[in-house]
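In the order they appear, the protein sequences are chains A and B. Letter 213 of the first sequence, counting from 1, is numbered 213 in our numbering, and no numbers are missing. Positions in the second sequence are counted from 1; adding 643 to them yields our numbering.
It should be emphasised that the hints constitute simulated quantities derived from the structure, not laboratory data. A few of these clues could be false.
Stated by the list, open to error - 20 Å max Cα-Cα, derived SDA-like pairs, lysine to any residue: (1) Lys-441(A) to Glu-673(B); (2) Lys-757(B) to Asp-510(A); (3) Lys-455(A) to Leu-667(B); (4) Lys-489(A) to Asp-510(A).
Unchecked claim - Ranges between beta-carbon positions, derived for each pair: (5) Asp-737(B) to Asn-600(A): 26 to 36 Å; (6) Gln-734(B) to Pro-576(A): 44 to 54 Å; (7) Gln-734(B) to Gln-287(A): 51 to 61 Å; (8) Asp-486(A) to Asp-737(B): 23 to 33 Å; (9) Glu-421(A) to Arg-763(B): 26 to 36 Å; (10) Ala-797(B) to Lys-455(A): 34 to 44 Å.
In this text, a Cβ means the ideal position worked out from N, Cα and C, and glycines have one as well.
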Amino acid sequence: MPPRSDQLEFEASAYLQTLIGRELFRSEELAIVELVKNAYDSGATRVVIRVRPPSLKEPGEIEIHDDGSGMTLEEFRRLFMFAGYSERPAEAQAGGRVPTGEKGIGRFASDRLGERLLVLTKTSSDPKGLRVEIDWGKFKNRRKRFHDITVPYSEEPIPGFPPSGSGTILRITGLREPWSGKQLESLRHSLAQLLDPYHRPADFEIDVQVQGSEVLTGPIRQEPISRSDADMEISFRVNSEGLVERRRRGRRYPMEQRETMHPSVDAAPLSGLQGRFFYFIVRPTRQQSKGLLPGVRVYRDGFRIEPFGSERADWLGVAEKRAKRAGHAHIVPSRLFGFVTISRKEHPDLKDTTSREALVDTGAARALVNVLREQLNFLESSIQTDIAQPRWDESRRRKVTEFERAKLQTLSIMSLGLAHELRQPLQSIRTEAAVITKRLKQLAIDDPYIASAQKNIDQSIERIDGNIRLIAAISAGSTDDVCAVDLAKVLSDECQLFKTRCAALGISLDTELPAEQWAELNSTTVTAILINLLQNAIDAFTEVRDDRSRRILVSVTKQDRTNRIEVSDNAYGIPPQVQGSIFKRFASKKTGGWGVGLYNCQLMARAHGGEISFETRDRLGTTFRVKLPDVTSTNARPNPDSR
Amino acid sequence: MPDRILIVDDERLVLEGWARSLELEGFVVEAAQTPEEALNKCEEHFDLVLLDFLMPRMNGVELLARIRKKLPLIRSVVVSGKLDISADEKQITDDLKATVEADAYLHKPVADEKLVATIRDLLAKEPSHDWQKIAQRVTDARRVTLSQAKEAAAKLKKLRRRGR
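Just chain A, same shape as in the assembly:
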């Protein structure tokens, strides 16, 4: 077409190729990945990447060999030599595949790898092949126009291809990188992550052969992660009402759960999107993570889109959230693995950028990010409620238990020491009281008052000693020695001790006890509980101002191996505001009360497999009911820890 006088034309400098090939692709690995994708688009079932790293003896070479459809001279001219042109996706679907490339610049990626490119390509119909040699160095000239640079070619038989075979070999020489072992390992890793492990493209194998290294040679395989602590599989089906269906399953959700929900953004461009998320409570082993690095990846038609899921891309803001909210953000980025699958057909609005990194910032791309963030928030809250919270609760419970145990232990040690300290003076008092009595007798003063005084001193000392033992026994948690006890006698003895005190306060302490009632119990428990309940009943009368006849009644009954002890009083009853917290610690409203009495009683009763309950009526009185089952020594040993 002759130039028109009233129109201008763009002309491209040859240097444009350098800009695209050398500078657009971030890394060599990415360039190889791009060439592998081109092979896939040509219908190849197998791509072999042969690497001969440069050494002192030889210059080195990378060869990418595919068994795709190959190109005729005419096709080569139309497709390969026409920069920025791509027939895809509509015209060039080979083997029913959705093409991965659509920009028409992938071929320049080889410039990133080496100075010269030799293309050997052959179609199945043509017995001869095409040989094209390109020296990318020629394009460095900024003054020359793109089409001024020529590329020599020849049509000739290609060794390595049978007459009816097809395919393409890209041989890159003049390598720009040394291709060290580390670099090659990284290449293998990139290639392994190139293919979606869940929707692996059918009939497509990648094989890497590195000269002189067996370790780095072999087909590329990537196992999918199958189970984590919290798996979530989502699949978006946007129905006519704009609802999104989500499916969830995982180790913590044995049953698959399906939900539909309203997305906060217009999810219509994302319909058909699928995602799998795996979260590990503790850093997963290599075995668990199948060697994959953490991150949420995006795959389109089986091929990964960089940089999603790479260390640099916190595209869902997980790391940022964690950094900002630490303890409140439950997802630790290094334990999250995600695989999001999109397709060119279903999601035409999700386009790659030209550099093959990330997606073009369209409304659909923003919706993708928003929707996935929403899903992660959901995963996060389910991790919190189903996993983190129960773990926290458990650890808190354990801490509290340990603390209580430590406290009891301290108390136990103290009370054992205290017991020894207290018993010395008690012994002295007791002996001296006896001495006084004996001496007076010797002096012919045999006085009943003195005798009963000595007896009282003796009894009081017994009681103090009993309390010392009790405290020590409770704190040592040894309230679990079970023996046959006559409950009727224990209660009657105990009430006898309180009778004098009650009488002094104008309270009549009555008992309704059978002649004997044998029980398999820990008598310390019974005594301790009764002392507390009696003391409470007596204290209850301090508020009573009217002239009612004050009564406390203690009774015991037995039914089916359960002993029921009742302590009733006819005082004013327990105020409603106290009732709920009466068994809690430090709940006492009494002056001078420690507020641990009923709390301890309940603990002891429960440790014994029993329970204390109460019934109270305003201004009429209260009844405390203690249920203590018989403990058969072997199978139901009371557990002091149960509370």
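Use these hints to put chain B onto chain A, whose structure you have.
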């Protein structure tokens, strides 16, 4: 002749109280506040030793063993205010008998009547020991020959039979 009782307790008030009480019961009482003092007093004869289990420098069991070397036939009552809630008096007594053959164990604070009754009880009985062990103790204490010890044991056995 009244029975002679040695009381050992590091707590002065307890020691004095017991001494007074037992004197009033008609015993001859010697009090020692330390194990060393007790051992010195053991140069004389005692029928029974009443001693605290927990004392500084030497515990009651150790002291009893050493007293036994001097007075092999002495009866013993061990008293302690130490609290061992896992064991009752009878069990501790049995344990003590097994280790040092203490005749009785009592918890502090013990009632005067109980203490006096226990002491009278023990003094009324023959020392209830394993005669072989006593013979061994005599051997250890006096550094006699084995044949002499055997003789002593035989004598003691006869003595015991006669006592019945």
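Decide if the proposed pair is consistent with the structure: Lys-441(A) and Glu-673(B), CA atoms, cutoff 20 Å inclusive. Outside the cut-off at roughly 23 Å; violated.
For the pair supplied as a hint, Lys-455(A) and Leu-667(B), confirm whether the alpha-carbon distance does not exceed 20 Å. Roughly 18 Å between the alpha carbons, so the hint for Lys-455(A) and Leu-667(B) holds.
Quick check on a hinted range of 26 to 36 Å for Asp-737(B) and Asn-600(A), using CB atoms only. This hint holds: roughly 33 Å between Cβ atoms.
That 26 to 36 Å hint for Glu-421(A) and Arg-763(B) (C-beta), does it hold up? The hinted range 26 to 36 Å holds for Glu-421(A) and Arg-763(B), with Cβ atoms some 30 Å apart.
Can the suggested window of 51 to 61 Å be confirmed for the beta-carbon pair Gln-734(B) and Gln-287(A)? Once the Cβ atoms are compared, 56 Å apart, the range 51 to 61 Å for Gln-287(A) and Gln-734(B) holds.
Lys-489(A) and Asp-510(A): Cα distance at most 20 Å? holds (14 Å)
Quick one: are Gln-734(B) and Pro-576(A) within 44 to 54 Å, going by C-beta? holds (50 Å)
Taking the beta carbons of Asp-486(A) and Asp-737(B), is their distance inside 23 to 33 Å? holds (25 Å)
Supplied distance hint 34 to 44 Å, evaluated on CB atoms of Ala-797(B) and Lys-455(A): Hint violated: Cβ distance 50 Å, outside 34 to 44 Å.
Check the hint pairing Lys-757(B) with Asp-510(A) against an upper bound of 20 Å on the C-alpha distance. With a Cα-Cα distance of about 32 Å, the restraint between Lys-757(B) and Asp-510(A) is violated, given a limit of 20 Å.
Hint compliance for this structure: hints 1, 2, 10 are not met, and every other hint is.
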